[in-house]
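**Q** So the chains spell out like this:
There are 2 protein chains.
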Amino acid sequence: MSRQVSPLLTDLYQLNMIQAYLDCGETQDATFELFVRKLPSRRQFLLAAGLEQALEYLENIRFAPEDIDWLAKTGKFKQNLLDYLRSFEFTGEVHAMKEGTIFFGNEPILRITAPLPQAQLVETRLINLLQFQTLIATKASRIVLAAPGKLLVDFGLRRAHGSEAGLLAARASYICGFAGTATVLAEKEFGIPTYGTMAHSYVQAHDNEMTAFEHFARSRPNQPTLLIDSYDTLKAAHKVVALSKKLKSDGITIGAVRIDSGDVITLSRQVRQILDAGGVPDIKIFVSGGLEEDSISSIVAAAAPIDGFGVGTTLTTSSDAPSLDCAYKLEEYGGRARRKRSAGKVTWPGSKQVFRKIAGNGRMAGDTLARVDETVDGEPLIHPVMSAGKRLSAPPTLTQIREHAARELERLPPPLRKLDTTAYYNVTVSPALTRLADEVDRWLIKQEHVL
Amino acid sequence: MSRQVSPLLTDLYQLNMIQAYLDCGETQDATFELFVRKLPSRRQFLLAAGLEQALEYLENIRFAPEDIDWLAKTGKFKQNLLDYLRSFEFTGEVHAMKEGTIFFGNEPILRITAPLPQAQLVETRLINLLQFQTLIATKASRIVLAAPGKLLVDFGLRRAHGSEAGLLAARASYICGFAGTATVLAEKEFGIPTYGTMAHSYVQAHDNEMTAFEHFARSRPNQPTLLIDSYDTLKAAHKVVALSKKLKSDGITIGAVRIDSGDVITLSRQVRQILDAGGVPDIKIFVSGGLEEDSISSIVAAAAPIDGFGVGTTLTTSSDAPSLDCAYKLEEYGGRARRKRSAGKVTWPGSKQVFRKIAGNGRMAGDTLARVDETVDGEPLIHPVMSAGKRLSAPPTLTQIREHAARELERLPPPLRKLDTTAYYNVTVSPALTRLADEVDRWLIKQEHVL
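Chains as they are written, first to last, in my numbering: chain A, -17 to 433; chain B, -17 to 433.
One should not assume that every hint holds.
No distinction is drawn between identical chains; accordingly, a pair holds when it is met within one copy or between any pair of copies.
To be verified - Here are the computed lysine-lysine pairs in the DSS-like style, where the Cα-Cα straight-line distance is at most 27 Å:
1) Lys20 - Lys339
2) Lys428 - Lys372
3) Lys80 - Lys400
4) Lys266 - Lys228
5) Lys339 - Lys400
6) Lys400 - Lys20
7) Lys228 - Lys58
8) Lys428 - Lys327
9) Lys227 - Lys60
10) Lys266 - Lys80
11) Lys400 - Lys132
12) Lys20 - Lys327
13) Lys217 - Lys132
No lab work stands behind these hints: they were computed from the structure.
Please work from the sequences and hints to get the whole structure.
**A** As structure tokens, then:
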């Protein structure tokens, strides 16, 4: 798939505003920050993901001649806008949290400083990229926390919302500790390990289930996984035992069985018993079918003899919370801090930094949302990543991001690692930031914006 | 954006199975059907969408030399599979429901008949395309039913799950009666009308809200929409009145105001009163911000003076039901009807047709799920669309699909048009199909699949 999408994948209002900015010479530097306002229910933390794709987008955004021709033909825009877009490049500064970092409501994960029309144009796609991967990484983290030591595989491409969602969900879940994905393209594009078993159609296409198993095992002899729930799971488990003995002389070892339906806690125990009694205790049991963190947690709590889980739809759609209240807001323009005062959507003005305190036990112990030029206790989480439109360093490898995410999940206070909790993480606002917000409000009153 | 994605956007198990099919000479014609098992809660019907993209995929799927080289390098596949994929083309038959057709659980919307490896390979992407657009079209239909006579615009690109979801959600909602979208690329790719206002950042970037409004109106003089909730909505409405008078002499007419926060029922009444008293009764009121069919229905029931709605996240993620239980199942292979018996996932065997009865009042009056070769009362909904891998006719225009969907929504029985109902639509299974299912089960018992 094409990694770079059209620059026209944006909202029409961005082009309308840029036309007006150009007409009125409003092209000074602006600072926007991207953050999530309020966490969805059942989310005690978020895990930042998608920065790599966001930076790739900023480095490569260009309008092709055919884009400009088409815009001209719509008759909606003036020549100055068409000329501006024809030579458009992003030349701004970007600061961001590292991918894999845990964050909370109102904490910016990305800050863009660029001439106002540039910073405006990229809003839609930046939210589109960062919201989605962060959403999936957060969901995946919950599943990882629910299944310590288990093999987790993303099975969700088919029910993901389109091609890009499927591909990037594989990436976002791998970052958080999934072992891999079923999506072949994710291995080609990102080097993510792929896992594949067989479908019910494979079994059904054979007149005999045993023949299906044997054909598959002989054709894919490297530790194949056999799907055993097409007709009768326990009967199929006995067939696997019989087949294992037959294949042994040919040096073929069955790797695992997969159960995709039914009461998998009970079935896995019965299947384990059949496999063990049949002398094939090394065949693993893998389950799939509508699983999410709650059902996985119950299975783990019941100590069911299940070695791994394929997680599909609930992962790649983040089914219980399919969006984040993610915003990209103007915080500074023309050297002045800005904020909006819309009901329920008031923002903190100015460029900001997040400082995180780490307790003696290595756990996160509270964040401070502060002005960018303050010195506050704790580790700053937002770092420069791009200057004059160019990256400041080579992107981290997926393995490095994965290691960072794993450390972050380890540093999470134990109450926040639970699937449900009333505990929350302490994020305070620095006195200097509060003072700045008051100053902006006083200025807004002076400008007669606020009654 | 590239309309054609990589053929590697598929599950690894498809390639594993194809390897085994080729090794064992299992390449006879297979028939698969795509359907939704069970409707999500709060969905009394589904509206089929995405067929055009599915057929485009089938017509164009090819493996590039670099895909084959990469597959070879993984070391997972044998030469016969690589050779097969190198010359892969889809050469099968396709039958489908027209886009915009209303359908129900277990009713196939697509039937593929092709050599088994071909029909298998395309499963993942066909579900990925048809599930998503059908999901969004169904959600959009609910919003359309909740807002008769109102202007509806898709604002959801930023929170859609990636680029393709954003683009195709614009298409799926337009099919169902949305007036258009904010997504510029949807106009270029599909000719869908685009709508655009301004963001809060535009207002914030100006020291004075009135200046922002005036700059924008002069730069975008064709009935501009002004966003009035950045600071104080009512104060901003008064500014719009004053500005309207000032702009009149220059021949500029403000088209609408947009309110994006707060209690929009109360605010719209107050704003309407200000605009009317100010002598600008033609300025329309447009609202946005977290809307879905329920809030829109309440607004309509309250007769709030709102002319149109921008609907974002809830539309493009189908937030209350972000996936459909969509399956693609083998129904026939080697001339024999097939079904799976997995717990809770039993399928109806064989190639099927859906017959729909229409009552004297023009409303849908019940469907019959039947064998494809039966003659049953009613109108058959599944038609041939592709033969030997080529389309049988030019694709319908979006306008034609939109007209079909509008007729379908009109034919829906009134109880099913409600947002919440215990009413359900009657789908019966023909005696001949029931007999076939029994025959398949008896055969499965004979094959010793079922205990």
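**Q** Which numbered hints does this structure break?
**A** The structure conflicts with hints 2 and 10, although it agrees with all the remaining ones.
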